[in-house]
Structures are given as C-alpha cells and as structure tokens.
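Here is what each chain is made of, one letter per residue.
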Amino acid sequence: MRAENVGKKFPKFINNEETSDNKSFFRHPQPAAGDFWALRNIYMTLGKGEIVGIIGRNGAGKTTLLNIIAGLLPPSEGEVTVDGKVSSLLTLGAGFQDEFTGKENIYLHASLLGLKKQETDERFSNILEFSELGDFINAPLGSYSNGMRMRLGFSVAIHDDFDILLTDEILMVGDLYFQKKSFEKMQEFKKQGKSMIIVTQDMGVIKGLCNKTYLMEDGKILFEGDTRNAIEQYEMLVNKKRILSETSRLDMVKETKRWATDMAEWGEKRGTGEVKIKGVAILNKWGIRANSVRPKDKVRIRVSFEAEEEINNFHFGVAIFREDGVYCYGPNTKFDSLTLKRMGRGKGNFEFECKELSLMPGVYYLSAAIWDQNETLAYDYHRACYKLEVAGTPMFGQLLCLPYTWGNHSSVPSAKIPDKQGCYPNLNYLIDKWEAELKSDSIILESIKCLNKYGGEDSVFVTEREFRIKTDLKRNKQADKPLILWVGVYRSDGIYCYGGTKELSCREINSEILVCPRLRLLPGEYRISVGVWDPGEEKFLLFSHGLVRFNIVSDKLDHGTVYLEHNWKFKVPRGRKR
Amino acid sequence: MKQLFKYKELIFELTLRDLKLQHRKPYFGFLWMLIIPFCTAIIYKVLFSDFFHATSGGHPFFIHLITALLPWNYFASAIQRASRSIQDSRNIVGRISFPKYLLPVSAVLVNLVNFLPTLLIMELFLVAFKVKLTMLIIFLPLVILIHSCMIMGLAFLVASLQVIYRDTEYVIQVMLMALFFLTPGVYTLEELATKCSPTFMKIYLLNPLVGITNLYRIAFIGDYFSVLPKEADFFNTLINPALWSVAVLFIGYGVFKKYESRFMDHLNF
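As they're listed, the protein sequences go chains A and B. What the first sequence shows, in our numbering, is residues 6 to 583, in sequence order. What the second sequence shows, in our numbering, is residues 11 to 279, in sequence order.
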C-alpha cells in the first residue's frame, strides 16, 4: 500500500449566531468560503507483512485516512494505490439489522464483505465460537447488549480474507478476556504475514504489535518511525494540548502569580490562630541548621507548629522570594495532591525537602503557611520572615542555576554551571533595552528558534522537559577576535531566569544550540534574548532583547516562577483518641 | 453489468434483507403485497366505473384497471424505494467497501418479488371474469424485462440524485402522480384518441409507460388488439418502450457511476 501526497478537504460550515434563529430551520448550513483540509500531504507506505500504528488525538484525521485507504472516501488530492484486498474494521457491525437474528446478520454482513455463501457456511462455526455468543446467535440482534453486538461484528470482520487489515479503535471491544483473544488474533495475523494498519488509543496494543508508528495531528503526519518515540511524542502532545486550552493557560499563569505578596507585607505574621507556626529551620545537606547553603545543594525547610484546635482539610505551604521581591516558588501540599484530612491538638512539623536547590546565589526569604482547604483562610501565615542565603556570586539577577550544554542531538551532554565570571557579558548594559535590538556589521543574527527534544520548532513547552534554543549567526571573515555568545531566557515581565554563554568560533556560519535538559520554569510567557559580547571592549556587538516569545505550560498547578523538585514530609499531631 | 452476476450472492442477501425487514413483523406479512393492489383496484373501480361511468373498452372495467394498476404499482414503489436506497443505507455505504449500485438493484428486485405473485392473482381474476387468454402471454417475461430495465435505470438515476439533492424524493412524488394520469390506467386509449387532437396523441404515445401498459394488456387480455386505437402502432407500443428502457438504463447507470465517489461527502452531513 502506498499513499502519496494524500489530502482530503471538507467544506467548512459556518455556524454563527445569526443563522441560528428560526430561519435556520429552512436553511442548510452554508459552506464557508474556505475549505477545511482534514488531511494534507500524507505519505505512507506499507509493505507486505508490515504492521504500522497510527496514533493521534481525536480529530487528527486518522479515521479519514483509513477511510481513504479503504476506498470509502475519495481523496481530494494525491493518490492511494493498494495491492491486495483491504478489509476495514472501521465500524463494527455496520449494516447490522436489529430485527435480524445474529445468524442472519452474520450472513448479511459477510456477504457485504464479499464472502460467498458457501465460504460463510464454512466459517460460521469459527465465527460463532470466536464471538462466544452461543445460543444467543438465534436471538434477534435488538436483544443483544452492546458488548455482544460488538463482539459479533468483530468476529465476522476478522474472519474475512484480506491482505491488509485496517482497524480503527476497535480492539477494546468486549470484556478483558475477549480483548485478550482479539489481541492474540492480531498477533496471529502478524505471524501469517498480513499487513495491518492499527489506529488506537491503546498504547499497549501499539507497543505490542507495531514496528512503526505514525503520529498524526491536524491532518498531518507529525512523526513517523519507532513506536516508542512516537508514543512518547504523543503523550507530550496530549499533555501540552490539554494544558494549552486558552482558559486553563490563563488560569495557570494567574495561579503562578498568586500570593506574590508586596514586599511591604514581608515579615507579617497573620492567621486565625487555630494552629501556630512555632519556627522555621533550614537544614543543609548534612541536616544541620544553617542560614546559608550552596547552589544545587540539598535543602530541607522544617516548619514546626502547634495546633490549639482541631482542624480538618488543611494543607501546608512554603514560598521562596528573592530579596528583590521576585516570587521564586510557592509549592504546597495540595498542588502535590497530598491529602491532609484531620489534625488533632498538639505539636507537629512539616518539612519541605528540595533535592537540588537550583537557585542562583543571592538572598532569599521564606514564607511558611498552614492553609485551609481552598487557600482562602490561613490558620497561620508567616510572610517572608525567614532568610535563606545561597552562597556565591549573584549573576545579574539570574534566577535559576541549571546545567546546560551546547551542541546538537549527538553531542554528549556535559553539564556545567555558568560560573565563568570572566567572560560573562555584563548584562547591566541591557537594563533599559527591553524589547530592543542592536545590529552589527561584522556579525548578523539570522534567526532564533525554540526547538523541542526532537528538533522540531515549537512555541509551547512543558515544564521539566528538554528545551533548546537555536541561534544562527553569520560572521564576517575579517573579524577574528574572541566573541562570546549569550542566550538568556526572561520572564515576560523582564526577570532574568536562565542563561548560557559560549565562545563563538571564527567560522563564518555559527549555528549554536543551547540545550537545557530540564527547563524548570513554571507556566507563563517567556522571552529569549540573545547577545554577542565582545570581552575585549566590554560591550555588546549585537543583541536582541526579549523579542522571541515562547510559552511554558505544565500539567500541575504551582505558584511562582521556577520549579524545584521536592518532597514533603510531615508529622501531624493526632490529638487524643476518644 | 457482468459484475451483477459475480455479486449475485450479495444481491440475494440484500434483497432478502429488505424483504425480511418488510414482511417479518406484520401479521399478514407478504399477504399485504397481494391485498393492497387489489383493494386499490376495487376503490378505483367503484369511483370511476360506478360513479363516473368511465368506459373500459370491450372487457370488464376491473380487468382493465388491474392490468394497468399492478405494473404501475411495481413502477412507482420501486422508484420510491430506490430513491432512498443509498441514503437509508448510509451506515453500510460509508463503512464497508462494496459495489454501491447493488443497493438500488436490490430495491428494484424487492419490488419485483412483490410484484410477480400479484400477477398470479390477477390471472385468477382474469379467469374468473372469463377473459380470453391467448398465446400472447408467453411474451409476458419480455414485457417485464423491458419494464424492469426502465425501472432499474430510473432507480440508478434517482438513487444517486437523492444523495446529492435531497429534494429528489419530493419531485418524484409529484412526477409519479402526473405520470399516473398520463398512462391509460383509469381511462381507455380509444376514448382519449377520440377526444384529443392528433398531435397531442402523438406526443402522448411517446411516453414509454403507455406502450408498456399496452404491452401488459396485450399479453393478458386476449382481444385487446381489437380495442387499440390505430394511433398506437407497433413502433410506439413495443420499439419505443424498448429503446427508452435501454437508454434510461445506460444513462441512469452512467449518472450513478459519476456521482458514486461523491456519495460519502454528501451522506455525512
């Protein structure tokens, strides 16, 4: 089977508010000016004995593609050539008649599939056995349960002769036992060397049967190749799309800014007082109380409290602010789906453990809070009362301390922390240059692109996933002095989150990719800045400051700007048992 | 057309399906197919013959009526059924890959199966009314063939048009009503010939259904030749309907094939 440049368009229907008054009863939906391409530019080949999977979200065009391959829909452009008999399990039991008995329906359906009566006679007992319907086969189909109906449809369809089988999300028919049997039947077909195209949402099936998988999205093939990679990509896509829906994204961005308290309120201790926070202790990697830790060290923040009343449905939270008021991170137990139901009177504590405090050197302040269920009422809330110092030299307000590498896919990642102060550009030059650009004759910035793990260009990324920034620079040959390329990620309000530098080579064309294995930023809009720094003259040759945008989304709610991997531990007083 | 033979099993199953669906549940089942046409005939007889004193040539009015009415029923119900055949089977058309033209074919066959037994009953009536039976009845299969070919062609045409223009079925209803009165069912040809201008008569006789009605009557009623007006000659009684049948069959099939690939686009929404 071979599909070349296949496309399918449908007329787009407008359905606006004006036509939905009583007039629309007489009026058909009018095709809008444009057409909707359900499929475009599909190339696909299927050799004999090959089994490929197609995955993708609903509406990605999978079924349309199968319909075209099966010859049920004519393609609007392109061509599909099929060598051999195609059997399609697109809809089970198509053409079943409720009034007929199972047996009559088998014969009718089989003849629609192109089987001779004699052939159906031969297979009838197999079909009956496979469908496990027993005596019900002589009962009218209308009396069947949905599962029985599907089982019957499936049984008839797979007893057809075919060279290529197209299945569309139908392997999940019937109970577990039947599903297993169907799966085994598929494997049997695989052994018989029949070709199959499987469309399913069941990744287990895809993993078990397909050597090659296509990932479809918006009528295009997004990825083709190894099944495991395709599934991984699909999961990422689904995750992203779910989060990407406009409202939830706005919520999420809003949520990250919640409780970014005014610095004027710092030091306040407020609460209804059922529970009181007695003290906050910062423990360094040896478990010793300390006020100062080193970047990337393990840190534990232990908050001890005493409950004077019994409370129900509460959660713990801490927050980290930077000296200048930047809300770094505000995790709480609710975001991490920990349920805390009941607290009795007595003393207890909770601990926020951060394996790697990926914050740049600087002075930070901690808040600690015990909240009620919906974060409307604080039993006790100490705002930025506790100081935490990360030792080292701060770097122009950079927030995150994360390893990065330069290179492309093949290079071995060697994590390094940006600490070469000597050749780091002085970002103070950029302070009042937000959304500005500087161009240079000797070196030209051609493009800045955000890439995902697979090298595809993208504008939306997921927290904690790999992230790459590709910059293309063109350099004049005469200029051979050492230059430093700097790439930085800013939050949309101008907070410098993360950056990396690299010495530029003297080659004419420089294409550099900054790889960040785990991007620990919370949802929101971010900007990319790129600059070329001349260390000799201590000035920027060129920069583009905050002109390229991208978004970050996450599947979890969180407060703040950065994400720190963490754990919670708590000891809740039980009170006296009655 | 050769494929028709290849798919005979499928045609059989489809026709069987329709017949079963139609006749399984009613208590009288298939009997209704025999009862209804004759009941209609009785009503028409009372209305036209007893009230309006319509003439019926040399033989009883009831015989005159049923020899036209039964073929007409076959024609009308087959066309109506065929017009919806694709649309109503959208759950099959869109799901399973099989030759779609079999659907109108089976729609026509179902009506043929319904029609043939009524002819047998009609024969009983003919005997009861002591109408002379001649050797001409052996041409009946030929008449039915011509008639069926024409129905088949129209069936292809309306089935495919109905998918694309859903108004077709209503147009068909109106057309069928008009055609019914343009065929000599409740009146006789000779009466029409005496009352109308010769030009009108010429055009009127070009209607193949007139010829086909005449053919049925010739086959069934022994002395029908004697009451045929001279305008109804050999050409417009036999050749004209035959030509029409073949032409309609090819045109209908051609139209069907042309639109076939677009069916799915129109059936989905």
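If you are wondering where the hints come from, they were derived from the structure by calculation, not from laboratory data. One or more of the hints may lead you astray.
To be verified - Short derived list, chain A residues pointing at chain B, Cβ under 7 Å:
1. 75
2. 117
3. 487
4. 540
What the hints assert, rightly or not - DEER-style ranges, computed between Cβ atoms:
5. A:41 - B:212: 50 to 56 Å
6. B:60 - A:76: 56 to 62 Å
7. B:174 - A:123: 36 to 42 Å
8. A:88 - B:49: 37 to 43 Å
9. B:174 - A:41: 55 to 61 Å
10. A:123 - B:185: 39 to 45 Å
11. A:206 - B:101: 21 to 27 Å
12. B:216 - A:148: 41 to 47 Å
13. A:7 - B:212: 37 to 43 Å
Claimed, not checked - Straight-line C-alpha distance at most 30 Å; calculated BS3-like pairs for lysine-lysine:
14. A:339 - A:301
15. B:240 - A:90
16. A:122 - B:142
17. B:35 - A:121
Using N, Cα and C, we set each Cβ at its ideal position, and we do this for glycine too.
Agreement of hint residue 540 (chain A) with chain B interface, Cβ distance less than 7 Å: With Cβ-Cβ at 65 Å, over 7 Å, it is violated.
Need the status of pair residue 240 (chain B), residue 90 (chain A): alpha-carbon distance at most 30 Å? Measuring from Cα to Cα gives roughly 59 Å; hence the hint is violated.
Do the beta carbons of residue 123 (chain A) and residue 185 (chain B) sit within 39 to 45 Å of each other? 43 Å, holds
Verify the proposed pairing of residue 35 (chain B) with residue 121 (chain A), using a straight-line Cα cut of 30 Å. With a Cα-Cα distance of about 28 Å, the restraint between residue 35 (chain B) and residue 121 (chain A) holds, given a limit of 30 Å.
Do the beta carbons of residue 41 (chain A) and residue 212 (chain B) sit within 50 to 56 Å of each other? 54 Å, holds
Status of the given 36 to 42 Å range, CB of residue 123 (chain A) versus CB of residue 174 (chain B): Given a distance of about 38 Å, which is inside 36 to 42 Å, the answer is holds.
Check the following: the C-beta atoms of residue 88 (chain A) and residue 49 (chain B) are separated by a distance inside 37 to 43 Å. Cβ of residue 88 (chain A) to Cβ of residue 49 (chain B): about 57 Å, so the range 37 to 43 Å is violated.
Range first: 56 to 62 Å. Now tell me if the beta carbons of residue 60 (chain B) and residue 76 (chain A) are that far apart. Since the Cβ atoms of residue 60 (chain B) and residue 76 (chain A) sit about 59 Å apart, the hinted range of 56 to 62 Å holds.
Is 21 to 27 Å right for how far apart the beta carbons of residue 206 (chain A) and residue 101 (chain B) are? Between residue 206 (chain A) and residue 101 (chain B), where Cβ atoms are some 23 Å apart, the hint holds.
Cβ separation of residue 7 (chain A) and residue 212 (chain B), checked against the hinted range 37 to 43 Å: 59 Å, violated
The hint names residue 117 (chain A) as touching chain B; please verify it with the least Cβ-Cβ distance against 7 Å. 5 Å, holds
Residue 487 (chain A) was flagged as interface toward chain B. Is the shortest Cβ-Cβ separation under 7 Å? This hint is violated: residue 487 (chain A) lies away from chain B, its Cβ roughly 64 Å from the closest one there, beyond 7 Å.
Violation of the numbered hints given earlier is confined to hints 3, 4, 8, 9, 12, 13, 15 and 16; the remaining hints are satisfied by the structure.
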